[in-house]
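Chemist: Protein chains in written order, with the numbering used here: chain C, 1 to 255; chain F, 1 to 238.
A portion of the hints provided could be inaccurate.
[Claimed, not checked] For lysine-lysine, the following DSSO-like pairs were computed, each having C-alpha atoms within a straight-line distance of at most 27 Å:
| # | chain 1 | residue 1 | chain 2 | residue 2 |
| --- | --- | --- | --- | --- |
| 1 | F | K61 | C | K247 |
| 2 | C | K247 | F | K228 |
| 3 | F | K228 | C | K151 |
In case anyone wonders, no lab produced these hints; they're calculated from the structure. Predicted, not measured: the structure shown is a model, and the values here were computed from it.
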Amino acid sequence: MTYQFNWNVLFSGEPAQWIFEGFLTTIQISAFALIAALALGILICVLRMTPVRPLQWFSLAYTEFFRNTPLLVQIFFWYNGSHYIMPEAIRTWLNDLYYWFPGPFTMFGHSFQGEWILFNVEFITGVIALTVYTSAFIAEEIRAGIFSIPKNQLEASRAVGLSFLQAYRFVILPQALRIVIPPLISQALNLIKNSSLCMVIGVTELMFMASQVESYYGAPFEAFSAVLLIYLVISLFVSLCINMYNKHFMIQVRY
Amino acid sequence: MHWEIVWDNFDYFLWGAARIDSAFPFIHNVGGLAAGVILAFFGIFGAFWLGIGAGLMRLSKRWWVKLPGLVYIEMIRGVPLLLLIFWFFFLAPVLLGQALPAFHTTLICFIVFTGAYVAEIVRAGVLALPSGQMEAARGTGLSHVQAMRLVILPQALRNMIPSFVNQFVSLTKDTSLAAIIGVNELTRTAVQVDNRDMIASFEIWITIAAMYFLICFVLTSFSRRLEKQLSRYQARNR
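Extracted from the complex, chain F is given alone in its bound form (with noise of 0.2 Å):
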């Protein structure tokens, strides 16, 4: 057992090779752990917003509003997440004319991949919603987007958090993904030393499986005690 090879890397597994510009104080090179969750904040922060313009768009009555976010939704949904990273990956220097960073094109891959799951939460989360939110909303004088921005939306929202919460997990896990095109966190940081030292794999993979953990497993029961709280607020039928 070489458990000291783990200890020794450890900072380097927390935030890779960061260091800080002592004139202009500015973080370089952020990796480790620290760069995945950043993607993952990121990720989710830009995911929000287009899952709920894609969800708002699928829920659309009209077909040319609803077919794009269909489409969407169920193309991103049918294709596995490495396979999109990839794809973008080559289709970014067609579209840029210029190669982009590999952590610039994993941010934008996680965010069009988790943003078509946070539409389908959106819809359901609006679909929850008694029918009777939004006559009555309408039947108040308000306009459908005004309903929706005013009523429907900050009460179905409420009651998506813990879904939210959840994609916030699986977006974690998934940022391990860009590793495999070279962003350096937790992942490929563990590759590395690993490749470096040859002699302590298990050690070191135990070790990154356990800090993914963590993160996880907190933000999981948070999820889980949110659900219970928030099940009491619900606008029912009845």
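Bound conformation, chain C alone (with noise of 0.2 Å):
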């Protein structure tokens, strides 16, 4: 057995299509689930932070499960999972829903046919399980960046006469913010990374796109080799930002 290696099937239509088609939901996945694990990384690592001690314990035990459990079962999980607990209205609104832009519409003079997000039960579960996974390493990035800043910055603010909040805006977080930007950065690129594993639920992102190519028509080689090129721009692109980001903002320290 000899494998044909035919690497014209990429450049004859259908193919790179799907793949292009395949990069957007990729994008778009990891758009969504970015944003959301933001904001709820942020509100875990707050929770964290407070003086009440259960929404302490929540929070450690958030992040703790979510960290420690491979995505590929949280994934399982929300999609087959917790299928059964939830009530029947939600189950049926989720399993209906189809585009998120019903019929053809017009944006920035483009016109869209209606087709643009593939909304549909699996990419919401998909970048459900993308957002929580993430979100629990968010909050600890974020933990760490504002743990890293003595305490005495802070004592010293308020001796100054600046209030709690106004402490944290003008001195804490401004240098904060420079420490935890890389991290957050290359979490953000881990999500894009992690996002192929939402093939396995019918996500029509790279991998399921390159997994269709293969079973149509037999090329998986070619298939796997142009999302692994694609991947591999998309990562080089965010390490080069993060790489300038350094070198213009990391506060030099001397002593």
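Two chains, two frames, some hints: make the complex.
Modeler: Next up, the structure:
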């Protein structure tokens, strides 16, 4: 058995279009999940820093649980497991969802055919799983960033006469954000890479499309190589951004 | 609630369809959690050596040594593990001329994937040591390789132990991906039981998550404690 390489498949219309659509879906699911994960992560981090003990315990349990279980298991849980304990009404609503934008519409002078985002139950489940998983990591990153600012900075700014919120706004956060943003960007990159796992529940992203090319055209190696190249370009671009950010904004610590 | 389904299949989750050959004691067909742990263990063992090699290559000053390490690390870290598994799954028959069992395919992918991350840990660990250590070692007459082997690496590796444990944790989580190409480990046994019974998805997936959580949480707590203990012995600049 020898494998016949057939790179022409990739340039023959349909597979190329599928992979492009998969790329769009990957970007969409990552964008939705990233925004939601940032919000949820900040919330969890704030809960961790409130003086209320039960809230602290909750957020500790949340981060530890979701960081220490595989994303794949979480995806299966949200897709298969949580289905049975949801109320009937929500279940029907989710299953009836199909496209987010029904009918053709025009935006920025482009006309979209109403199939811009395939906003079905798989997509939503994927977004939920990625959001919950990533938010646990994001909460930890932010907490670590804020904790790395010495405590006497807060005390000093309070002593100068700033209120608690002002101290955070003008003294703590500007310093903490510089530290936090690079790991957050690499979390975003991880999220994009992790979105490949959503293929198991049928979200039509890059990996799904590659395996579709495999089953229709019998060119698995070519399809997966193309997808590999796409992921590589995305991640090299993002790490280039991190490096440029670091060069411009990182505090040079001198003693 | 159908917890009895989880309970009835619990041994299947733990070691799959493993059986011991009575004539010649050898365990066949290990699956479930046991297979995941075996994958993670051999994966981190292979990745350790690969990572030290790639990390030291990356640190080299000669470009023809540095470049392969750099390309390997950046390329593997920029790609999802699932994609790597699929890619290698279809590449292996081309290279070998025959199909490679899924277990071996995933194990090789785990080693190659984790190796890149271990390489970054090694690089960070070596760079974190004060440069005086290397200078002093070279000053006493050791060659570069000897200084690396006898002075730098023993110190750097000790500081890296917590990171290694963390990498082991994330590899343990990643073994779940082997399920997708058909290795019968914990996640796949869960899919099987779930598909067979159809009524206990919630209970099954909660149980599986809890099993992964127990292992990983114990290991992360362990690494946190190690980090505190080992930080006392670090060589410092001053």
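Chemist: It remains to establish, for every hint, whether it holds in the given structure.
Modeler: Do the hints match the structure? See the list:
1. For the proposed pair K61(F) and K247(C), the alpha carbon gap of about 22 Å is at most 27 Å, so the pair holds.
2. Under the criterion of a C-alpha separation no larger than 27 Å, the hint pairing K247(C) with K228(F) is inconsistent with the structure, at around 31 Å.
3. Distance check on the hinted pair: K228(F) and K151(C) sit about 20 Å apart at the alpha-carbon level, within 27 Å; holds.
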